[in-house]
Every structure is written in structure tokens, then in C-alpha cells.
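Peer 1: So the sequence shown is numbered by the working numbering: it starts at 197 and just counts up by one.
If you're looking for bench data, these hints aren't it; they were derived computationally from the structure. Errors might be hidden in some of the hints.
Dumping the calculated SDA-like pairs for lysine to any residue here, alpha-carbon to alpha-carbon at most 20 angstroms [unchecked claim]:
#, residue 1, residue 2
1, K481, T365
2, K430, G419
3, K502, E475
4, K271, T365
5, K430, L440
6, K489, S526
7, K215, G239
8, K271, S526
9, K502, I339
Okay, the calculated beta carbon distance ranges per label pair [what the hints assert, rightly or not]:
#, residue 1, residue 2, range
10, S420, V364, 35 to 41 angstroms
11, V476, S334, 41 to 47 angstroms
12, A564, N474, 31 to 37 angstroms
13, P289, Y574, 44 to 50 angstroms
14, H388, K481, 25 to 31 angstroms
15, P317, S527, 38 to 44 angstroms
16, N474, L287, 19 to 25 angstroms
17, V476, E290, 33 to 39 angstroms
18, Q316, D517, 25 to 31 angstroms
19, D281, D389, 52 to 58 angstroms
20, V208, E232, 15 to 21 angstroms
21, Q546, P289, 42 to 48 angstroms
Think of the CB as a built atom: it goes at the ideal place given N, C-alpha and C, for glycine as much as any other residue.
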Amino acid sequence: MDIQRLQERLNVIFEKNFKERDELGASVSVWFEGQEIVSLAGGLCDKEKSREWDERTLVPVWSATKGLASVCFLKVLHSHGISLDSNVVGLWPEFGQSGKEEITFEHILSHRAAIPAIDQPASIFEYDKVIRAIEIQSPLWEIGSIHGYHPRVFGFLLDEIVRRLENVTLGQYFHDHFARPMELDFWIGLPHDLHPRVATLYPGKMSNPEGERDFYRAFADSGSLTRKAFGSPKGLASVSAMNLPDALSAGWPAMGGVGTASSLAKFYAMLTNLGEWNEVELIPKEVIEKINKPLVEGIDQVLCLKNRFSAGVMMEHFSADRRPLFGGSSSAFGHPGAGGSHAFSDPDRQIAFAYTMNQMNYGVLPGAKALDMIDEIYQT
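Between the sequences and the hints, there should be enough to build the whole structure, so can you do that?
Peer 2: Okay, structure coming up:
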């Protein structure tokens, strides 16, 4: 890889994002063979121009949190000798109500658990009430037969299982087992004293992103599964709500991560190194193998597009109607966040990448701001 050329080319794209694509504040981080080779940061933390964006600026990354949460979950299961094909009810008896006794941990991680939404009203801020609603929820399709993205419920499922096994929240587990030993500037449940470092999120302008038309058609229908899944548990109905202190500190494993691009990419760089960091094994190689093994592919019943999942993360799905998310690499895995944040690992090429920003795009998949950079990485 020509690192100097890559630095120059990514800087050009980064500047273009501000000049032509309405970027407000953003960071990009690229790691190669365990070293950060690109670190760019610029713009503003808010439209009032009260603070400039720098490499230490924290920002919510929405569902890009799911990749980190899934790795934590896999490590916990492995440490307790629990296989992915085990039934959840063996650990969580109350979960087996209403026909869910056959759901496995693998079903949850691959979005085949068939409970992307809950019928019982519960606020996303009411953890215990959400868990009770999940316990009595009936599957919305035949378990394991098809897959449909679980935007919010996914995180509560992982969190409850980690709590039962480790007696801590998943966010605390991430901090103890990854953030602290790796010195990551990233939290799933941001401490209140760090709130002043957080950039303000802004919603994207209305548009109809290529490859996502069916999703937005479904999302516009208040009775659709897509709409129910993205609003269940209820609350946090606007982008601006994520800027509230309670949301920043809530610690939702599905969508509550807050941090820097450099730390997000650094986490994935550890995965490119087969779970080792500074000669310490943070994740057994058997767990990495599970992350890198596709479990399901096809039409996602919630996102209304074709995709591929392994154990909790997305992998490349080659589609004629949209750009590759991971540079077209079949060995890469990661997870985007709503509005444009994105992060992934490619163990075969020893590449890790993260892009964070506060001016969201109108889309659930990454747009040109991140994808142009990824394409450049794989072409250099």
C-alpha cells in the first residue's frame, strides 16, 4: 500500500465532503497492519460555530455500536462455554414465553429471532419494562426461517444476557474488557463529565437514497414492520433527542455508542490482528472465526434490501443497485450507523476503517462521504 498517496487522496475526498456535500464536522481513521496511517478531523461541533471539531471530538454513532456490542456478547458466551446454537431459554427462562423457546443465540445475532418489535408499550429509557415486554412478545415470523434487522430490540437482548452472565451491563463490560486495556476514547454509556466533548447531531435532508427506496416506502407506512421495528421500544423519535444527556449516557448496545473515529477504527484494528493487542489476547481466535462466518443472506424483512450478516455484524453483499459497503472485500465485516457513520475490519488485508460525523445523511447505509474513501483505500 502506498501510504503517502493514500493520505493525500483521502485528504482530497475529506475536503470535498465539506465543500460539496454539506459536511459539518467529521473524522476519518484508517489503520493498516496495526498502525494508524490516516487520521483526519475538521469542521465544527455545532452550527452555532461554538467549537471546532478535532481528533478528540466525541459523537454518537448510532448502530455502528452494534459491532462492538456483538464482539462483547460473543466473548461473554465463549468465556462461559455457551455455544451459539444453544437455546436462550436455558439461561433466561422467562424469555421462552409465547413460542420463543426455540430461539438460539445465533438467531439473535443474525437477526433471525423474529422479534424486531415489541407489542407492549415501553419506553427505550425503561429497561426493566422493555425486558418484560420482550419476554411476553410472540415471534413475528417462523423463527430462523428468514431474517429482519432488529434495530433496537437487538441491544436489549444482548444486554440482558450479558447482565445475567456477568452481573454488569454490556456497556460496562465493553469498558472493562476493551476500552480500558486498549485506551479507547469510546463509550457505550457516556459518563456525564464527558458530555461537553460531544458534537451536536443534525438530521439529514430529505432524499431517496439509491438502493434504499423500498425501505423508505415501508418506513412511511405507520403500520409496516419496518416502522414498528425502528420505533420499538418507543421514544427517541428524532435525531435531536440523541443529543440529550440521558440519551448519551443510556448505554444502549444497539445504538448508544459515543466516541472518536480513531478509537472506533482501533477496535476494529484489534480484530484484524485476530483479537490480540499489544501481545495480549483480548478475544480468542475462535470468536474471530465466528465473526467472519456468514450466517444469513438475502432480503432483510425490515430494511427491505438484500444484505448479509455473520454473528452480529454485516458482511459484504454484492448488489447491482448499490455500492459496496466494505470495498468489495469478502473478508471484511463491520457495521454502519444511521446517517453515515461507518466502521469495519478486513483481516485479510489488515485494514480497519472508521468514519464519524455530526451532519447526518438521509439514509440507513453509508453514503458517498465514507464510501469514496473506502474505494480509495482498496484502489491504492
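Peer 1: Against this structure, judge whether each hint is valid.
Peer 2: Hints versus structure:
With a CA separation close to 24 angstroms, the supplied pair K481 and T365 exceeds the 20 angstroms bound. Taken as a hint, the K430 and G419 pair is honoured in the structure, with Cα atoms around 14 angstroms apart against an allowance of 20 angstroms. Restraint check: the Cα-Cα separation between K502 and E475 comes to about 38 angstroms, which exceeds 20 angstroms; the hinted pair is violated. At roughly 14 angstroms between alpha-carbon atoms, K271 and T365 fall within 20 angstroms of each other, so this suggested pair holds.
This hinted pair checks out: K430 and L440 have alpha carbons roughly 16 angstroms apart, not beyond 20 angstroms. Distance hint between K489 and S526 is fulfilled; the C-alpha atoms sit about 10 angstroms from each other, no more than 20 angstroms. Restraint check for K215 and G239: satisfied, since their Cα atoms lie roughly 11 angstroms apart, inside the 20 angstroms limit. For the hint pairing K271 with S526, the CA-to-CA distance comes to about 23 angstroms; that exceeds 20 angstroms, so the pair is violated.
With a C-alpha separation of about 19 angstroms, the suggested pair K502 and I339 falls inside the 20 angstroms cut-off, and the hint holds. In this structure the supplied range 35 to 41 angstroms holds for S420 paired with V364, their Cβ-Cβ distance being about 36 angstroms. Against the hinted window of 41 to 47 angstroms, the Cβ-Cβ separation of V476 and S334 comes to about 44 angstroms, which satisfies the hint. Checked against the hint of 31 to 37 angstroms, the C-beta distance between A564 and N474 comes to roughly 36 angstroms, which is consistent with it.
One distance hint, 44 to 50 angstroms for the beta-carbon pair P289 and Y574, holds here, with the actual separation near 47 angstroms. Taken as a hint, the range 25 to 31 angstroms is violated for the pair H388 and K481, whose Cβ atoms sit roughly 38 angstroms apart. Taking the beta carbon of each, P317 and S527 are about 43 angstroms apart, inside 38 to 44 angstroms as hinted. A C-beta distance of roughly 33 angstroms is found between N474 and L287, which places it outside the suggested range of 19 to 25 angstroms.
Range check, V476 to E290: Cβ separation about 37 angstroms, and the 33 to 39 angstroms hint holds. Checked against the given bound of 25 to 31 angstroms, the beta carbons of Q316 and D517, roughly 37 angstroms apart, lie outside it. A hinted range of 52 to 58 angstroms is violated for the C-beta pair D281 and D389, which are about 43 angstroms apart. At roughly 19 angstroms, the beta carbons of V208 and E232 sit within the given window of 15 to 21 angstroms.
A beta carbon spacing of about 44 angstroms between Q546 and P289 agrees with the range 42 to 48 angstroms that was offered as a hint.
In summary, the structure is inconsistent with hints 1, 3, 8, 14, 16, 18, 19 from the numbered list given earlier, while agreeing with the others.
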